[in-house]
Amino acid sequence: MNSTQSQKNDYWASALRQPRNMVARTAWIIAACGLVTVLAWPLRDALDPANIAMLYLLAVALVAMRAGKYAALTAAFLSTGLLDFFFIYPRFSFTVGDVQYVVTLVVMLAVALIVGNLTIILQRQAAEAIERERQSCALYQLASQLAGISSLDQVASATRDFLHQAQSCQSVLLMRRNDALQPVEQAYRLGSEMQSAAAFAAMQQSLTRHMQESDNYWLFLPLLGSTYVRGVLAIDFGTCSPAAINEKLALYEAIASLVAISVERLHFVEVAQRTQLQMTDERLRSAILSALSHDIRTPLTVLYGMSDTLLLAELSPAARDTVVAMREQALRLNSMVSNLLDMAKLRAGNIRLNQEWQPVEEVIGASIKLLGEALARHPVTVQLPPDMPLLKFDAVLMERVLCNLLENAAKYAPPSSAITISAQVDGNKASLSVRDSGSGFSENKLDKVFDLFERGNAESSVPGVGLGLAICRSIVEAHGGEIHASNCDGGCVTFTLPLGDPPVIETDDSDE
Amino acid sequence: MSESAAILLIEDEAQIRRFVRTALEAEGHRVLESGTLVQGMVQVHETKPQLAILDLGLPDGDGISFIRELRTQSEMPVLVLSARSAEGEKIRALDAGADDYLTKPFSIGELLARVRALLRRNKTDSAVTETSFRFGDVEVDLMRRKVTRNNRIVHLTPIEYRLLCAMLADTGKVMTYRHLLRAVWGNAHIESNHYLRIYVSHLRQKLEDDTAQPKHFLTETGVGYRFQP
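So the protein lines, in turn, are chains R and E. Heads up: the first sequence is residues 38 to 549, going by this note's numbering. Heads up: the second sequence is residues -10 to 218, going by this note's numbering.
To be clear, the hints were calculated from the coordinates, so they are not data collected in a lab. Be aware that one or more of the hints could be misleading.
As the list claims (entries may be wrong) - With a cut-off of at most 35 Å between alpha-carbon atoms, the simulated DSBU-like pairs for lysine-lysine come out as follows:
{"#": "1", "chain 1": "R", "residue 1": "K466", "chain 2": "E", "residue 2": "K195"}
{"#": "2", "chain 1": "R", "residue 1": "K429", "chain 2": "E", "residue 2": "K195"}
{"#": "3", "chain 1": "E", "residue 1": "K204", "chain 2": "R", "residue 2": "K448"}
{"#": "4", "chain 1": "E", "residue 1": "K204", "chain 2": "R", "residue 2": "K406"}
{"#": "5", "chain 1": "R", "residue 1": "K466", "chain 2": "E", "residue 2": "K204"}
{"#": "6", "chain 1": "R", "residue 1": "K106", "chain 2": "R", "residue 2": "K285"}
{"#": "7", "chain 1": "E", "residue 1": "K195", "chain 2": "R", "residue 2": "K406"}
{"#": "8", "chain 1": "E", "residue 1": "K204", "chain 2": "R", "residue 2": "K429"}
Extracted from the complex, chain E is given alone in its bound form (with noise of 0.2 Å):
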């Protein structure tokens, strides 16, 4: 199911849905294009699209309103595609529903990578819960909450495993510094981003072959962490 989507492009420039198109079309998927966020909503209902990409900068409406409508009656991953460099509009975007980003200008590559973690995502969605991660040379065993790397037992600290455990779920997603501290601390500690940023330092030093330098636990400046397997 994963080679042939039905995608929603919502964008106004016509040369950027051009080349969007043939790129999502070469890899087999069906693409709706949209150039307002109000036909946007109009196919939304009518073709039911498994992904919508989303330029937040229409001339028609705020984008990020967009997401919140949407997300009172679809659980599709939205794609956003912000012109601006401003870490707060991505940031808004992300809290209100949307699930990853690319800023301007992207590459096809890059595009298209996301799109295949957002539909992979959403088909394991439906499966049946996994009970085990694999990635790179560490295996996860949620069932047994036990960590291994190279077969050896790596000790996590509750609050690691925690992190651990919240980052897994939304793999492939841009994961929010709020949206982490809630999963992890609760609540409570919404505005204590060092803690984050102390565990995820922790998680590196005991996964990461190089802390530096992860391949795994991406930092996206500014918004918060990806998990990548």
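Just chain R, same shape as in the assembly (with noise of 0.2 Å):
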């Protein structure tokens, strides 16, 4: 249907389409006016001179649609001069008998020269129609092509096989990279710095741009996504005049337009694609996760529990030091297992804080409590003031912050130093520090004691993966807090966690 509409459409164009050159032109002229008077000659008694005034305008019209504006000014200007000259007495002059043949004359000048004119308005107005309806038939054309596409690979190569069909140019298609432009088609790609740069302050000002290149004339039409724009379609139009290429800009944005369309649409396919896999992966992944934390606790649970019942019985000194070794390392296995998998939790980005308001007092005694035998060594101060305020955190985290720094101190404390807890107010966030009188943090190695698998003295015979400095501060930060190490007669953690606005706590204060 498309190509017998277009062969019809360029049927009625090349019959409208008005001759160029001179000699045609004034052919037409010559001909329309001769033939009129021709023809009325043998009737010059019979008619009327306004009724052979009608058949002039009738040739002025011809002259006009087949010849152009100024055939028709000319073929006006001849017939009002042939019919004074052969119809109106005195004949075969230009002299007018009666007063009324001006009237006759003046006015027939007139409505030829508006009949010539509004003829080649018409005329110009069909083309135009015409013109458009081919445009908005390509422009048809190929948004359904690229309606059925799945690739960028293919977005380009239509449009630029449509372009170089439909309109003789050549195209290239550019993607915005990070803040660049880079071709979708490795074999169509930009040929020069200018070119490159063009198309770059199209897509920053996402703005048409013009240029000029030696004889080419190029175009840069930014591609406008619905958030930004997502490229650039640059057209090569070779030789062709700028004023032609400006008659068109509006079928060249549109096809910008469409293919921007055709842009986004694949891009957000993409996202939702990805956005599905990214659910299931999540899914497997903390399917994989408590099947990990289900499959190795319990071997460790068997080995932490068999050696446990083996001390329950009667054994050399020996035999008990390995007992006893053998359940110590089950234990650290455990608390390695747990810090991977919290670890594991963390950086999935899938752990929701059970934030409630509490005393600090509460999760720093359970922390003491937890690590019961593993701190038998290092007596544990705890320093509070009397106002401490309630904080919001989620206790169970907070409690493995507190667990990991205490059991990092007892690790790198000697044997019965000391170990302070202590917190206080400052400014609008309360502060806590777990401090030891253990060798400290290398002090080149401050900043970096929280990165993952990094430990404070590498060469260190302390057994440690480096897990747990990283979990803390992931927890602490998920909290909205910092945290920090230093060096004050031993090693320092301090970290912070927003004060808030505690919740008023009505107390009865009558006694029993």
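If you follow the hints, you should be able to join the two separate chains into one complex; please do so.
Here it is in structure tokens:
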């Protein structure tokens, strides 16, 4: 249907096309005016000159249709002259006998000029309508081609083929990647620095840029997406005149917006697919995590429980030491697995904080009790101001932070040296610190100890994989706080928590 | 009677059953083993054990609905073993009627202490209600509603006293926030965990030596509290 319609349009367009050359136009004028004169001559006595004037008007309209504006003007004057000369008394003279024919001649000239002009306007509008229809037909074709496309490469090649066939120009499709433009097809790229600069400017200003480079005229059209410019369509028109291109600018902009729509559609399809993949990934990951946590903890429980059971029996001192060591190793393995799993959960970002207002003293006490034997060789002192406000945090995660810090302190502090936990209010935040009297952190590693798999002292014989402090940082940062390491008579880790607005507690002060 | 009790152990891992059995038998208990919930329920009906130790991660069903079903027919103490560190699951098990929990891996000493506490508790439940409690240097006279510490009277507010009584009544058990809030404030304050925390800290200030390292009013982080005489 498209092809037959465009053929029909072509036919009309060629029928309406005006001859460009001067001789043809003159021939049209002479032929039309001459024919009317010859045909009307035999009827000169039967017809009133006013009616003959009508025949001349017809000729002017015909000339206007076929030979353009200036030919129509000429024909109007010529017809008026011919009418006066051949048909108005006295004949064969330009003098007018009867005054009323002056009116006839003047009106005829005026009408001839108007008819000529109107015909031309009508004709131009018809031509424009046909051209517009051609364009929208072409756009429709491009749109239906782009609708079924599933990759950027196909968008680029469809656009290129379309512009080449319908407009006989070359094109390059450039996509935005991290604030730079890259060609979609490696074989079709911009040739010069100037072109790249113009394309980049079009992207940044989201405005169409024109450029004349040697003989070639270029157009750079930004592909406007819903949120930002997704790329640039560069069109090389060759030696086409800028005026002709400007006339069709709307068409090229429409093409660019069609391309932009398909590029954006492809982008959102990709986003949707990626999200779905991520969700599946997430589910798989948490399934693996919980399976791991169950499957690793079961043999650990057996190991730990069995060595514990062995200790119930009478053992030689050497055997007892071995069993105690076995039990300790099982516990250490367990704490490593817990840290690894926690880190995996924190990294996956699927930890939901269960934040509640609570006294920090409680979680400090719970952490000390939980570590139990690991802290047996270190007296722990807790220093809290009496008016310490309630803080909002996830108790389980905060317990993990304190346990890791205490464990760390116990690992690096010399036996039976004290560990101090203190808390205070510091402006709009609370700061808690865990101090030991060990050798402290290496000065050049103070900032790095919270990085994953980083250890205070790499060659140290003290066991650990450097997960504990990294987890502390993740948890503290998730609460909106900060964590720092420093040295003050030993190692010291301080972390802060925002104070917020603790709820008011009404107490019943009447004594029992 | 607490020297020898019939204890039902429901756990799918044979090696865990083995060392738990060894430890419990060393204490003089009789141990009934079961690898599945279904078999466990059969043994509850047939042998009427005095205590159940239940692993929450059994392959043949949900341990929490097992506890609920068990509670419709028996008051026997249930000690839950949980491989997961998820506090939510422990709370659900406790709210369903479990009495205490142990997170894997656990030490034998801890297990035996919990079993002892639960069996003792079960015995005192059936005996005449006690009228006075002693823990540390504190004495609570329930008849006269009097609390003394080192023979000096300690003043408690009505809520503090109610909270103390609620915790004494469940000695040796883990008490969830929800359970304690309901016992002290009624159903209206079920979500006000911070009230409970504040009053527990008051009790610690009045009755503990070191509030940051309590010996009796223990915190079960994320779950609730435990009272230990």
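Tested hints:
1. R:K466 / E:K195: holds (28 Å)
2. R:K429 / E:K195: holds (24 Å)
3. E:K204 / R:K448: With a Cα-Cα distance of about 25 Å, the restraint between E:K204 and R:K448 holds, given a limit of 35 Å.
4. E:K204 / R:K406: holds (9 Å)
5. R:K466 / E:K204: holds (30 Å)
6. R:K106 / R:K285: holds (24 Å)
7. E:K195 / R:K406: At roughly 20 Å apart (the allowed maximum being 35 Å), R:K406 and E:K195 satisfy the hint.
8. E:K204 / R:K429: Given that 35 Å is the threshold and the Cα spacing comes to 25 Å, the pair holds.
In this structure, none of the earlier numbered hints is contradicted; all agree with it.
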